[in-house]
Amino acid sequence: MTKPSLAVETLSICSGCEIAILDLHQALPGVLDAIDLKYIQVLMDFREPPKEGVTVGFVSGGVRNEEQVELLHKIRERSQILVAFGACSAFGGIPGLANLHTKDELLQEVYIDTVSTVNPKGVIPHKVVPPLLEEVHPISDFVKVDYVLPGCPPPPKLIAELVTCLLEGKEFRLEPKTVCDQCPLTKDEKSVTNFIRWGTKKIDPERCLLEQGFQCLGPVTQGGCEARCPTALAPCRGCFGPTESVHDQAAKMIGAIGSVVIQDPTKAPAPEQIVKEIPDLVGTYLRFSLAASTFKKALHTNVVKMKKGVKA
Amino acid sequence: MTKKNWEPKIVCFACRWCSYAGADMAGTSRIQYPPNARVIRVNCSGRVDPQFILRALKLKADGVLIAGCHFGDCHYVSGNYQTSRRVELLKEYLKEIGLEPERLRLEWISAAEGTKFAETMKSFVNEIKLLGPNPLADGGPE
Numbered sequence: 115m116t117k118p119s120l121a122v123e124t125l126s127i128c129s130g131c132e133i134a135i136l137d138l139h140q141a142l143p144g145v146l147d148a149i150d151l152k153y154i155q156v157l158m159d160f161r162e163p164p165k166e167g168v169t170v171g172f173v174s175g176g177v178r179n180e181e182q183v184e185l186l187h188k189i190r191e192r193s194q195i196l197v198a199f200g201a202c203s204a205f206g207g208i209p210g211l212a213n214l215h216t217k218d219e220l221l222q223e224v225y226i227d228t229v230s231t232v233n234p235k236g237v238i239p240h241k242v243v244p245p246l247l248e249e250v251h252p253i254s255d256f257v258k259v260d261y262v263l264p265g266c267p268p269p270p271k272l273i274a275e276l277v278t279c280l281l282e283g284k285e286f287r288l289e290p291k292t293v294c295d296q297c298p299l300t301k302d303e304k305s306v307t308n309f310i311r312w313g314t315k316k317i318d319p320e321r322c323l324l325e326q327g328f329q330c331l332g333p334v335t336q337g338g339c340e341a342r343c344p345t346a347l348a349p350c351r352g353c354f355g356p357t358e359s360v361h362d363q364a365a366k367m368i369g370a371i372g373s374v375v376i377q378d379p380t381k382a383p384a385p386e387q388i389v390k391e392i393p394d395l396v397g398t399y400l401r402f403s404l405a406a407s408t409f410k411k412a413l414h415t416n417v418v419k420m421k422k423g424v425k426a
Numbered sequence: 854m855t856k857k858n859w860e861p862k863i864v865c866f867a868c869r870w871c872s873y874a875g876a877d878m879a880g881t882s883r884i885q886y887p888p889n890a891r892v893i894r895v896n897c898s899g900r901v902d903p904q905f906i907l908r909a910l911k912l913k914a915d916g917v918l919i920a921g922c923h924f925g926d927c928h929y930v931s932g933n934y935q936t937s938r939r940v941e942l943l944k945e946y947l948k949e950i951g952l953e954p955e956r957l958r959l960e961w962i963s964a965a966e967g968t969k970f971a972e973t974m975k976s977f978v979n980e981i982k983l984l985g986p987n988p989l990a991d992g993g994p995e
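Chains A and B are the protein sequences, given in the same order.
Position one of the first sequence corresponds to residue 115 (our numbering), numbered consecutively onward.
Position one of the second sequence corresponds to residue 854 (our numbering), numbered consecutively onward.
Read the hints as simulated data drawn from the structure, not as lab findings.
Hints are not guaranteed to be accurate.
Keeping only pairs whose Cα atoms sit at most 25 Å apart, straight-line, the calculated BS3-like set for lysine-lysine is [stated by the list, open to error]:
hint: 1; chain 1: B; residue 1: 913; chain 2: A; residue 2: 410
hint: 2; chain 1: B; residue 1: 969; chain 2: B; residue 2: 982
hint: 3; chain 1: B; residue 1: 982; chain 2: A; residue 2: 217
hint: 4; chain 1: A; residue 1: 217; chain 2: A; residue 2: 235
hint: 5; chain 1: A; residue 1: 419; chain 2: B; residue 2: 913
hint: 6; chain 1: A; residue 1: 419; chain 2: B; residue 2: 982
hint: 7; chain 1: B; residue 1: 911; chain 2: A; residue 2: 258
hint: 8; chain 1: A; residue 1: 390; chain 2: A; residue 2: 316
hint: 9; chain 1: A; residue 1: 301; chain 2: A; residue 2: 316
hint: 10; chain 1: A; residue 1: 419; chain 2: B; residue 2: 944
hint: 11; chain 1: B; residue 1: 862; chain 2: B; residue 2: 911
hint: 12; chain 1: A; residue 1: 419; chain 2: B; residue 2: 857
hint: 13; chain 1: A; residue 1: 419; chain 2: B; residue 2: 948
hint: 14; chain 1: B; residue 1: 911; chain 2: A; residue 2: 421
hint: 15; chain 1: B; residue 1: 969; chain 2: A; residue 2: 410
hint: 16; chain 1: A; residue 1: 188; chain 2: A; residue 2: 117
hint: 17; chain 1: A; residue 1: 390; chain 2: B; residue 2: 944
hint: 18; chain 1: A; residue 1: 241; chain 2: A; residue 2: 188
hint: 19; chain 1: B; residue 1: 911; chain 2: A; residue 2: 410
hint: 20; chain 1: B; residue 1: 911; chain 2: A; residue 2: 217
hint: 21; chain 1: B; residue 1: 982; chain 2: B; residue 2: 862
hint: 22; chain 1: B; residue 1: 913; chain 2: B; residue 2: 862
hint: 23; chain 1: A; residue 1: 381; chain 2: B; residue 2: 944
hint: 24; chain 1: A; residue 1: 117; chain 2: A; residue 2: 284
hint: 25; chain 1: A; residue 1: 117; chain 2: B; residue 2: 862
hint: 26; chain 1: B; residue 1: 982; chain 2: B; residue 2: 948
hint: 27; chain 1: A; residue 1: 217; chain 2: B; residue 2: 948
hint: 28; chain 1: B; residue 1: 969; chain 2: A; residue 2: 421
hint: 29; chain 1: A; residue 1: 217; chain 2: A; residue 2: 390
hint: 30; chain 1: A; residue 1: 271; chain 2: A; residue 2: 284
hint: 31; chain 1: A; residue 1: 258; chain 2: A; residue 2: 410
Make a model of the complete structure from these sequences and hints.
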């Protein structure tokens with residue numbers, strides 16, 4: 115029997131997910147014995163997945179330009195099982211936050227407006243480079259995805275679990291649990307009187323971070339990471355994306371914020387005060403999943419109108 | 854539907870103990886108000902998950918009205934306080950994403966305030982008419 119083969123396609127991404135595969139450390143030789151690694155751009159000099167096809171294709175990164183759409187369709191055709199590998203391919207990830215702006219705004223900012231840019235003629239690259247799409251997409255917008263392994267990057271333990279499942283022909287599924295379910299910190303009485311940004315106050319190492327007033331996305335985020343951030347006393351940023359019962363991390367988080375505040379109305383902060391205490395609401399709550407949230411992007415024309423105070 | 858005879862579609866979540874009874878009061882007192890709202894009865898305004906509101910807007914509702922008991926009257930003690938925080942945060946979310954926060958409105962209407970229910974409905978419909986159709990609805994299906 116020939117060994118099952120693996121191809122890893124890299125789209126709009128920082129390559130951290132590929133490094134996460136290397137983070138298997140001592141388990142890696144075993145994996146490489148069992149799997150034929152056919153294509154991975156960080157290690158091999160190939161431009162596209164092998165024509166003869168592979169058993170499993172991993173796609174890391176969201177879809178930002180037209181070339182990536184093509185590459186994505188190629189790997190879908192050439193692999194029997196397709197895995198969305200990492201937060202970017204699953205929900206658009208951090209690059210997905212670009213959906214708050216139009217394509218033209220982004221190009222203007224990057225190639226002309228930034229202080230460090232020297233571009234006297236104001237040229238925006240348009241030849242040779244593939245044109246950008248209007249917005250960032252998770253790969254599921256274009257192709258059928260068989261399995262999703264979220265995370266920024268996915269933890270090595272889950273990668274090993276996924277590979278084992280695939281080798282044994284089993285279904286791979288994350289348990290329907292939130293980060294909070296796996297978090298070791300103690301949840302106590304919900305009595306927040308003000309919300310604070312991380313790093314501005316001393317942290318109680320025993321107590322739930324959300325109840326201390328930090329913006330921890332644990333209650334709305336898919337578990338599986340064994341709460342690695344809250345365990346290290348850093349609030350969860352939501353890189354595993356929404357759980358099965360959550361469609362929009364921001365909406366669900368707003369629900370959680372509403373109920374985590376102290377019950378006594380005389381001590382509770384005014385709603386307007388809470389809004390002030392949470393700067394960059396969309397960027398905080400949809401840090402990884404804006405491109406897969408309810409609205410997917412900002413309605414640009416309307417944002418401009420509202421800034422100018424023009425009524426529609 | 855052409856733009857001329859466009860009528861706003863409004864989803865109204867009314868709390869069972871106060872506002873839904875208030876709407877009933879408006880009805881039994883034969884108070885006239887615009888028929889644009891689809892009223893959904895919920896047990897408490899605190900039951901309204903922000904995801905419901907976003908979903909209504911995503912499905913091209915032009916406005917969402919949430920009606921609950923006055924502070925201190927909540928049947929579940931603090932449900933309406935929670936709602937007040939959520940709505941304020943949601944308005945901020947809508948603003949950042951490019952939907953007018955005015956499309957979301959929170960009102961406290963007791964079971965005796967049939968007139969207030971009718972007045973709220975009138976003013977909300979007028980406000981939404983000024984704002985125009987939900988921008989997501991442009992070119993979309995009816």
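Exercise. When you check the alpha-carbon spacing of residue 301 of chain A and residue 316 of chain A, does it fall within 25 Å?
Worked result: 18 Å, holds
For this session: Sort out whether residue 258 of chain A lies within 25 Å of residue 911 of chain B, counting only the CA atoms.
Result: Roughly 24 Å separates the two Cα atoms, so the pair holds.
Exercise. Would the pair residue 117 of chain A and residue 284 of chain A pass a check requiring their Cα atoms to be no farther apart than 25 Å?
Worked result: 17 Å, holds
Exercise. Within 25 Å, alpha carbon to alpha carbon, are residue 969 of chain B and residue 421 of chain A?
Worked result: 32 Å, violated
Problem set entry | Pairwise hint evaluation, residue 982 of chain B against residue 969 of chain B, where the allowed Cα distance is 25 Å at most | 20 Å, holds
Problem set entry | 25 Å limit on alpha-carbon distance, applied to hinted pair residue 911 of chain B and residue 421 of chain A | 22 Å, holds
Problem set entry | residue 390 of chain A paired with residue 944 of chain B [C-alpha distance capped at 25 Å] | Holds, because 12 Å separates the two Cα atoms, which is no more than 25 Å.
Problem set entry | Pair hint outcome, residue 217 of chain A versus residue 235 of chain A [Cα-Cα no greater than 25 Å] | 20 Å, holds
Exercise. Does residue 862 of chain B lie within 25 Å of residue 982 of chain B when you go C-alpha to C-alpha?
Worked result: Satisfied, since the Cα-Cα distance of roughly 10 Å is no more than 25 Å.
Exercise. Does residue 419 of chain A pair with residue 944 of chain B here, judged by a C-alpha cut-off of 25 Å?
Worked result: 16 Å, holds
For this session: Take a quick look at whether residue 419 of chain A and residue 913 of chain B sit within 25 Å of each other, Cα to Cα.
Result: Measuring from Cα to Cα gives roughly 20 Å; hence the hint holds.
Exercise. Taking 25 Å as the top limit, are the C-alpha atoms of residue 381 of chain A and residue 944 of chain B close enough?
Worked result: Given pair residue 381 of chain A, residue 944 of chain B holds - Cα atoms ~23 Å apart, limit 25 Å.
The structure is inconsistent with the numbered hints 3, 15, 25, 28, 29, although it conforms to all the rest.
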